[in-house]
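There are 2 protein chains.
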Amino acid sequence: MEQIVPCLHPNPGWRNSDVEDVFGSVPHSASDMVGKHCILELYDCDVFKLNDEAFLRNTITTAARFAGATLLNLITHRFEPQGVTGLALLAESHISIHTWPESGYAAVDVFTCGVHTMPERACDILRKELFAKQFSLKSFQRETPDALTTELRKPFPSN
Amino acid sequence: MEQIVPCLHPNPGWRNSDVEDVFGSVPHSASDMVGKHCILELYDCDVFKLNDEAFLRNTITTAARFAGATLLNLITHRFEPQGVTGLALLAESHISIHTWPESGYAAVDVFTCGVHTMPERACDILRKELFAKQFSLKSFQRETPDALTTELRKPFPSN
Chain A
832 MEQIVPCLHP NPGWRNSDVE DVFGSVPHSA SDMVGKHCIL ELYDCDVFKL
882 NDEAFLRNTI TTAARFAGAT LLNLITHRFE PQGVTGLALL AESHISIHTW
932 PESGYAAVDV FTCGVHTMPE RACDILRKEL FAKQFSLKSF QRETPDALTT
982 ELRKPFPSN
Chain B
832 MEQIVPCLHP NPGWRNSDVE DVFGSVPHSA SDMVGKHCIL ELYDCDVFKL
882 NDEAFLRNTI TTAARFAGAT LLNLITHRFE PQGVTGLALL AESHISIHTW
932 PESGYAAVDV FTCGVHTMPE RACDILRKEL FAKQFSLKSF QRETPDALTT
982 ELRKPFPSN
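For the protein sequence lines, the chains are A and B, in the order given.
Be aware that the first sequence starts at 832, since it is given in my numbering, and climbs by one per residue.
Be aware that the second sequence starts at 832, since it is given in my numbering, and climbs by one per residue.
Just so you know, the hints here were simulated from the structure itself, not pulled from any lab data.
Some hints here could point you the wrong way.
[Stated by the list, open to error] With a cut-off of at most 27 angstroms between alpha-carbon atoms, the simulated DSSO-like pairs for lysine-lysine come out as follows: (1) A:Lys985 to B:Lys880; (2) A:Lys969 to A:Lys959; (3) A:Lys880 to B:Lys985; (4) A:Lys969 to B:Lys969.
Could you build all of it, start to finish, from the sequences and the hints given here?
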């Protein structure tokens, strides 16, 4: 499989300074991990934003862009009486968010494959845009086969 | 928020014996965790199944059913020259799968909220249906606010 990695990048040339460094110690350089999974808990968020489906769609899209990922599809669902789930299908894996406005809480996970993506940046955007007063971010490397380091692929043209 | 938990269950009354116990020590009783996240790596899978988008859609649907979850939406994307991503939006959170047929590998995560769901069962189905010869399953409790224990909700009727 021959593929040039930058062809997956929707915005090559983005600078690190394009996103505010709100996480402090979280590295913002491109990850050298093949499969990196970030688990983010957001507490004491803006209740109205947590329940705003359109806002969340926009924010997820922005988060994907700042992570250097290519958004291929995005679905959301609004619950009754409140709460939203959003799932973003990326060329490099996915972003999910599940919100409980009644608790000011959102559960997020960002999984990206490839050396050009920065999943922490997606977390950064979500944390910031939802005005989370507290958060917990954990990340780990997926136990991918070594061969995946060179086995990136392109979205199917007809999709 | 008043809601009876079983109303979210698409098939109340399912027995544990409806799913084969292929994971051995993995508990198959309904989880008492509010937010449980399973990270599953599947190795040496059937290569053709990993690349079969329709098969994966069916299998994800089955996995959601056996987990006791309600499937609200399912999107998939086929990559070129191979590989599929599937994201299932559940009333109780989500299932994701990303496949690399060239490596016989699939990366799965299953996140469910609520006491009536059994995310390990979804993992069980995916492992079995993809004929994974090896796998790694890790699960952890999401750091949800305590209040979420009673704050389940219903899918929005108009969606």
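Legend entry - Pairwise hint evaluation, Lys969 of chain B against Lys969 of chain A, where the allowed Cα distance is 27 angstroms at most: holds (15 angstroms)
Inset, instruction - Starting from Lys969 of chain A, check that the Cα of Lys959 of chain A is at most 27 angstroms away, please. - result: holds (17 angstroms)
Legend entry - Hinted pair Lys985 of chain A and Lys880 of chain B, Cα distance within 27 angstroms: holds (19 angstroms)
Legend entry - Pair hint outcome, Lys880 of chain A versus Lys985 of chain B [Cα-Cα no greater than 27 angstroms]: holds (19 angstroms)
Checked against the numbered hints given earlier, the structure satisfies every one of them.
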